[in-house]
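Protein sequences, first through last, are from chains Y and P. Each residue of the first sequence is one higher than the one before, starting from 1 at the first, in our numbering. Each residue of the second sequence is one higher than the one before, starting from 1001 at the first, in our numbering.
Treat the hints as calculated values from the structure; they're not laboratory data. Just so you know, these numbers come straight off a predicted model, no measurement behind them. We treat Cβ as the ideally placed atom computed from N, Cα and C, and that holds for glycine. Check the hints yourself; a few may be wrong.
[What the hints assert, rightly or not] Just a few of them, taken from the derived set where beta-carbon distance is under 10 Å, the chain P residues facing chain Y:
(1) Ser-1045
(2) Phe-1049
(3) Pro-1076
(4) Leu-1086
(5) Tyr-1090
(6) Ala-1093
(7) Gly-1096
(8) Ala-1100
(9) Leu-1137
(10) Met-1138
(11) Ser-1141
(12) Lys-1165
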Amino acid sequence: MASASTSADVFQGNGRVPTRALFEAFLEELDGSRQATPVISSEIRSEAFKGFERLDASGGKPGRDWKHDYTRIGTDIPLLQRSTVKHNAHAADGVRFHTPDTEGGAEFVRTYLGRAVHWREDKFASLALAFLEKAIVIAVPAAVRVEQPIDVKYDASGATGSSFPYTLVVLEPGAEATVVENAFGGGAFSCGIVEAIVGDGARLNYIVVQRADAQSTVLMNRGAVCGQDASCHWYLAELGGALSRSVVSTRLEGRGASSEITAFFFNDGDQHVDLASLVEHAVGDSTSRTTIKSAAKDRGQGRYLGNIRIAENANGSDAALRDDALLLSKTAHIDSVPALEIASNDVKAFHGATVGSIDEEELFYAQSRGIERTEAERMIALGFFEPALSVFPIEPVRDLLRMQLTEKARPAAPTANG
Amino acid sequence: MVQKALRIDGLRVNVEDKQILKGIDLTVEPRSVHALMGPNGSGKSTLAFAIAGHPRYTVTAGTVTLDGEDLLALAPDKRAKAGLFLSFQYPAAIPGVSVANFLRTARQAVRPEDLPPAKFRQLIFERLDVLDMDVALMSRSVNDGFSGGEKKRLEMLQLAVLAPKYAVLDETDSGLDIDALRAVGDSVASLRKSDEGRETGLLVITHYPRILQYIAADHVHVMVDGRIVKSGGPELAHEIEREGYENLREEVAGGVG
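Just chain Y, same shape as in the assembly (with noise of 0.2 Å):
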């Protein structure tokens, strides 16, 4: 997968340039190239670059003990990188998978582009489409159940740039798919948009591991729309990076769909991670759930802001969102704000959030039976994720993370200047 070679700046170097700059060489060097039908016109492209510089992170400022400006993330960033994407999607199983180059790509990009993830209304979702290099689409046809998960690899091990991913998932009506992306790697920052369009009775997993190198600022906005008894789970899990502002939103247009959001972090060392989950129940008789954990230890902060949006006449919505934070430093922080929104009467909402530390009794009891208090409270921390890990459909991917997990509940790790 050679890409169009490129004698152009922006590809090029180390260090970091004013984004402005950057995004001005990257049209240039696009308008010289050769390709006769862009995925995206230029013209959408700076609209996006526009609304990038016009608007404001949502969510607003995150805490005070936060080491990350919004305001600031973004204005200098590395020099364009162009990353690998690896994928194991076998025509055989009626999976097609493009991209934009080749026939049918830009089609379905250009179709569905902006249906699942409102980028003129988010910062990040605006600058990684003003930016949005490389595309892929993976189509799953009508009534085709796809037995195997579907592997998306973001590889930028050691990279130094930036890079802008872009995919679209579309499930026409009936077929089932369980898409496994997993970045690893993911350059200096990087900046993104998942889109997935779940059609009638489609059924979709989608599941994130996020393992971005430790320096990484990495900004996904993840968005799913679906249709009349169609269901959309996303699973993610939150590993990497120095810091993740992870967006993921489900809109529930058709009766009988369904939305489950499944989603982790846990931060240590200066990690910061920055969570956002909306279900949308633009029709009545759709059903949502939405589980989230985190935990924060030595230095870690984190933020989590779900909301569940209940319209109009969406009578018969079913919604519930269940969010627990764990602490376990003094130094560790993590503001959890759930929020209902509801616009119908005749609806079913639950949200309960839990902020807090380890339990002494638990602690105490694990240490009478001759387990140490620190391997006590690594085992309780473990088990505070269980309920959420747990559900992840593929073996392997949960194996990957409980060892991920254990990594990161043993005792203190070294400070950033240490």
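On the provided structure of chain Y, position chain P as indicated by the hints.
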């Protein structure tokens, strides 16, 4: 040579500046079964927690030694490693940690050298059988959503699996029906028959003499208001069964007055 025993001498314990134990002397020898009886609020559970090292209980005077080792100087996990076990009246739930994982981790902590996995599994299956417990329990979270009876049986399972030198059973009988009580009795009896648990000394804390029909005590002590007011043989339990604690309270009051 140090005498082998769990030995409590002149123990005084405060909870939040209030003195609960006012000088306890009690020695549990290997293989022996001591019953500690008394009305609610007499300080029985305080003794159990103080021995095990719960941070809320402050020892203000006295000593507790296990085969000569000073337990009070040790963290709770080190006390368990020294050979102490406490069966909790209200065991904590640990969500997301399976019973199997917990038992394995505890066994490895207490007896690091030992049992190959196959033998460990065999041990667990034997004990589950004695306690009339379902193997499905192994994949459930520790005490999470357990009934009162299930919690007590899990305590007994841990007692059997860890086979300590000395075990304190704090109100293991409370809230149990006759079948569960019998299972607890059978569990202790089978512990006695095993190589590891043959020598385990037991301190059985109870409000009701009923459990002593299933675990035969060699010695019975009665605690009232933070003091042991009477010690004797099994017949003392029968006396309490007949007459309750009121006479003993009066004896104490009379003695003081």
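Hint-by-hint comparison with the structure:
Interface restraint check for Ser-1045 (chain P): the shortest CB-CB distance to chain Y comes to about 14 Å, outside 10 Å, so the restraint is violated. Interface hint status for Phe-1049 (chain P): upheld, as the beta-carbon distance to the closest one in chain Y is roughly 9 Å, under 10 Å. Here the hint on Pro-1076 (chain P) is kept, as its CB sits about 4 Å from the closest CB of chain Y, short of 10 Å. Hint status for Leu-1086 (chain P): holds, given a least beta-carbon distance of 5 Å to chain Y, under 10 Å.
Hint status for Tyr-1090 (chain P) relative to chain Y: holds, with the closest Cβ pair at about 9 Å, below 10 Å. The interface hint given for Ala-1093 (chain P) holds, since its Cβ lies 7 Å from the closest Cβ of chain Y, which is under the 10 Å cut-off. Hint status for Gly-1096 (chain P) relative to chain Y: holds, with the closest Cβ pair at about 3 Å, below 10 Å. Hint status for Ala-1100 (chain P) relative to chain Y: violated, with the closest Cβ pair at about 13 Å, above 10 Å.
Contact between Leu-1137 (chain P) and chain Y, as hinted, is not supported at the beta carbon level, the nearest pair being about 16 Å apart and thus beyond 10 Å. Because the closest C-beta pair between Met-1138 (chain P) and chain Y is about 15 Å apart, greater than 10 Å, the hint is violated. The criterion of a C-beta within 10 Å of any C-beta in chain Y is met by Ser-1141 (chain P), whose closest approach is roughly 7 Å, and the hint holds. Taking 10 Å as the C-beta contact cut-off toward chain Y, the hint placing Lys-1165 (chain P) at the interface is violated, the least distance being around 12 Å.
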